[in-house]
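Could you put the whole structure together from the sequences, leaning on the hints where they help?
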Amino acid sequence: MAETKSKPKADEFNILITGVGGQGVMTLGAIIAQAAINEGKEVRTSELHGLAKRFGHTEFHLRIGKDAKTTIIPNKSADVIIALEPLESLPLIKYCDKEKTVAFLDSIQIKPTKMDIKEIPYPNLEEIKEKLKSHVKEINMYDASAEAVKQTGKRVYANIYLLGKMLKYKALPISARTVSKTIEKEFGKEGFNLKILDSAMKGKD
Amino acid sequence: MLDVLKPNGSVLLLGDDAVVRGALEAGVSFSSTYPGTPVSEVGDLFCQISKETGVHFEYCANEKVAAEVAAGVAFSGLRSIVSFKHFGFNVASDSIFPLAYHGVKGGMVIVFSDDPNCWSSGQSEQDTRFFAKIGHMPMLEPSNSQEVKDFTKYAFDLSEKYNMPVLLRLTTRIAYGKTMVKLGPIKKGKALGTGKFSNSDKWSTMPPKIIERHAELHEIIEKLEKESSNSGFNKILNGNKGGVGLIASGVSYTCCLEACDRLGLKLPIMKLSFYPYPKKDIAKFIKEYDLKEVLTVEEIEDFIEQQVKQVVAEEGMQVKVIGKELIQPWGEMRSEKIIYALGKMLGIEIPEEKKTPVDVFKRDPILCPGCPHRASFWNIKQTMGAEAVYGGDIGCYILGIFDPINMQDYIVSMGSGTGIAHGIHRATGKTVVAFMGDSTFFHSGLPEIANAVYNQSDMIIIVLDNGITAMTGQQPNPGAGIKCEENAPKLSIEEICRAMGAEVAVVNPFATKKMQETLKEMKDKKGVRVIVSRQPCRLMFMRNAKKNKIKVPVYYIDQKLCKKCGKCNEYGCPAIHYDKKKDMYYIDENMCWGCSVCSQICPYGAIKAKPEQKE
Chain A
1 MAETKSKPKA DEFNILITGV GGQGVMTLGA IIAQAAINEG KEVRTSELHG LAKRFGHTEF
61 HLRIGKDAKT TIIPNKSADV IIALEPLESL PLIKYCDKEK TVAFLDSIQI KPTKMDIKEI
121 PYPNLEEIKE KLKSHVKEIN MYDASAEAVK QTGKRVYANI YLLGKMLKYK ALPISARTVS
181 KTIEKEFGKE GFNLKILDSA MKGKD
Chain B
1001 MLDVLKPNGS VLLLGDDAVV RGALEAGVSF SSTYPGTPVS EVGDLFCQIS KETGVHFEYC
1061 ANEKVAAEVA AGVAFSGLRS IVSFKHFGFN VASDSIFPLA YHGVKGGMVI VFSDDPNCWS
1121 SGQSEQDTRF FAKIGHMPML EPSNSQEVKD FTKYAFDLSE KYNMPVLLRL TTRIAYGKTM
1181 VKLGPIKKGK ALGTGKFSNS DKWSTMPPKI IERHAELHEI IEKLEKESSN SGFNKILNGN
1241 KGGVGLIASG VSYTCCLEAC DRLGLKLPIM KLSFYPYPKK DIAKFIKEYD LKEVLTVEEI
1301 EDFIEQQVKQ VVAEEGMQVK VIGKELIQPW GEMRSEKIIY ALGKMLGIEI PEEKKTPVDV
1361 FKRDPILCPG CPHRASFWNI KQTMGAEAVY GGDIGCYILG IFDPINMQDY IVSMGSGTGI
1421 AHGIHRATGK TVVAFMGDST FFHSGLPEIA NAVYNQSDMI IIVLDNGITA MTGQQPNPGA
1481 GIKCEENAPK LSIEEICRAM GAEVAVVNPF ATKKMQETLK EMKDKKGVRV IVSRQPCRLM
1541 FMRNAKKNKI KVPVYYIDQK LCKKCGKCNE YGCPAIHYDK KKDMYYIDEN MCWGCSVCSQ
1601 ICPYGAIKAK PEQKE
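These protein sequence lines map, in sequence, to chains A and B. With our numbering, the residue at position 14 of the first sequence is 14, and numbering never jumps. With our numbering, the residue at position 587 of the second sequence is 1587, and numbering never jumps.
It is worth saying that the hints were derived from the structure and are not from the lab. All values derive from a computational prediction rather than experimental measurement. Each residue gets a CB set at the ideal place from its N, CA and C atoms; glycine is no exception. Please note that the accuracy of each hint is not assured.
Claimed, not checked - In silico BS3-like cross-links for lysine-lysine, where the CA-CA straight-line distance does not exceed 27 Å:
1. B:K1381 / A:K111
2. B:K1324 / A:K94
3. A:K137 / B:K1362
4. B:K1190 / A:K129
5. B:K1051 / B:K1190
6. A:K41 / A:K185
7. A:K100 / A:K137
8. B:K1581 / A:K129
9. A:K41 / A:K181
What the hints assert, rightly or not - Here are some chain B residues the structure puts well away from chain A; computed CB gaps all over 12 Å:
10. A1132
11. E1222
12. G1527
Unchecked claim - Derived coverage of chain A by chain B (criterion: at least 3 residues anywhere in the stretch with Cβ under 8 Å from a Cβ of chain B; other residues may be distant):
13. 30 to 44
14. 54 to 67
15. 70 to 83
16. 87 to 94
17. 103 to 117
Following this line, the structure appears as structure tokens:
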């Protein structure tokens, strides 16, 4: 297979979200996609359902802009990668570009059962970051799950927390206002979503 | 309101959902399915909107039945749509192939999806396009959700114009890709009960009539080729003359666009979306662009390549057609594969992709915490031994092939576990333990068991009855007691097996001691023995518990009592972990779904339910 240096396109922004099946990868992808649509942008996504994701590695490809042609992000073309579980960021390396890819990681460690059975220790987070470092421009890691549990008692809001951090640092081509409006429309004003988004955007890192 | 039901505007739709919208715009009356990834969502969405839209929907016992029911509706003048995965087409093919001969009155659309790269398919990497040729039926192949919607709608008209079913072929990345769709008006379909079946010899075929009809079908195929040419579905993207051109279909077409963009090339591209492909148009494309070389771009086999080569040979053109020579017939299409092929053809230097730059720990899918299949596997391995021959089948329990369960020595197709078990018994004299799920039991297990009893086999059949078709997203089956959002007759697996003459026992896999006792008793008997291992799918159970605010216990390991024997870890539940540094076994509370099996496995009583429970 070939690898080519991606030519920068006028209108294309590629986001790759990963995690363990059940963590909220699809939900996060759907929110960002809908927010982009609400800003009048063209969106393409690709996901997998069924047996492929039962507590396994999950990927959601999201492409914003009219110059994107496929639903799958080509190699070396991700602008942002989001890993709701740090270990799962490593299979995404082929999509990363040292010059531009910004990574957002949750520090939560969900140990694969295979590691328990084979008594392989989960690598420490610095080790994972070290592996990723030479393939991306920037790594941002947050205790998103820990924060979510602290604030809501539930781990599932970690994805929204990470989204808040991305908006805080303007890592996405969508305004924070559109995202919170989208969340409000899809999930209602009540509940934890808007609160955790807000706390991530305003809180210290 | 669901996007798929909006009256107008542009929405982002999953390919599967776009099928449903297209059918609604065509005025469909009836939809049926047997669930299969990646098209399970077609049926599920029809089920969800059935009451609101008045389109009747049915989950069927298997794909053959689903196709037959849809055919009966179409015989009676109403529009019907049936969906299943590629393997489902194999099951249904026995009834589908004669349908072009018989003809239909109301439009009938058969939606199926291939799964290049086998994301959710364990049997083979099958290219089902060849069925269109065997079945003498037109086949439409969309490349994005807009085309899925438009082609589905058109397929109904086409079906009625030629009185034969029309195939709509998806692939995983089309079915599970989302692109923008401009909606058209929804049309109310004819109500059920208003269909008319006219008794005529039209619906029965026997020689010599069948051979006359076969001759007619070949004339129709020629007409359909003209229809394809005039449809506007096969498109040509302008490019430079005198060099290389591309011919592609479906998702491969979008990859061609991406590849040419990235290489900065302006090559002419022909998109083929309507089989039978228009030979004249293919020849015209090659001539008009004065092509010296053509790259055919398609997933899996060389379906398009062979037909383009045939056109070139018939026309005596001097053009080299390259396909599978440069783009391998396995795995799914990526723009990188096309970039590589074009690089070779055009002499552009493209650096070889480096192997995965870092060692990646592959996280395999795994049975859920608290999955009753894991408990069944455990109990069976304790009594039958690791060395017994275990016959596998299709369902979530496929995941039992992984560590630490390592059970199922062969997996072929739905229901096959039992048939093959009998063959192994005949050849070796061994007593095979064959698994099948409840959905598989009704899908194709029944004739397998009938055959085993009739031919006086010796085997133990374990029906892993979790009350639902779990793997494809929790669809009901005839044993579930429900159909699409309504109560339904609940067929009893044990009563059916007893009626067929098998020795039957029903067990609860979470009661490990009792289940193992029953297994031992059954092991000592002879003949066909069926053990129904019954416990609801834990994912379904947890969802219901959440909905109905039922508390589920959470288990923990009392470190004072734990002797670190590691027996709980051998069970392979994703909630149980081992911390090597601290030499400590522990349960992740967030992951525990409270099945209690680990507490029964622990020889020291160290695993206990927490006094407080989670909601």
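Structure-based check of each hint:
{"no.": "1", "hint": "B:K1381 / A:K111", "in the structure": "holds, 26 Å"}
{"no.": "2", "hint": "B:K1324 / A:K94", "in the structure": "holds, 24 Å"}
{"no.": "3", "hint": "A:K137 / B:K1362", "in the structure": "holds, 24 Å"}
{"no.": "4", "hint": "B:K1190 / A:K129", "in the structure": "violated, 60 Å"}
{"no.": "5", "hint": "B:K1051 / B:K1190", "in the structure": "holds, 15 Å"}
{"no.": "6", "hint": "A:K41 / A:K185", "in the structure": "holds, 18 Å"}
{"no.": "7", "hint": "A:K100 / A:K137", "in the structure": "holds, 6 Å"}
{"no.": "8", "hint": "B:K1581 / A:K129", "in the structure": "holds, 21 Å"}
{"no.": "9", "hint": "A:K41 / A:K181", "in the structure": "holds, 16 Å"}
{"no.": "10", "hint": "A1132", "in the structure": "holds, 24 Å"}
{"no.": "11", "hint": "E1222", "in the structure": "holds, 34 Å"}
{"no.": "12", "hint": "G1527", "in the structure": "holds, 34 Å"}
{"no.": "13", "hint": "30 to 44", "in the structure": "holds (count 6)"}
{"no.": "14", "hint": "54 to 67", "in the structure": "holds (count 5)"}
{"no.": "15", "hint": "70 to 83", "in the structure": "holds (count 5)"}
{"no.": "16", "hint": "87 to 94", "in the structure": "holds (count 6)"}
{"no.": "17", "hint": "103 to 117", "in the structure": "holds (count 7)"}
Checked against the numbered hints given earlier, the structure breaks only hint 4 and satisfies all the rest.
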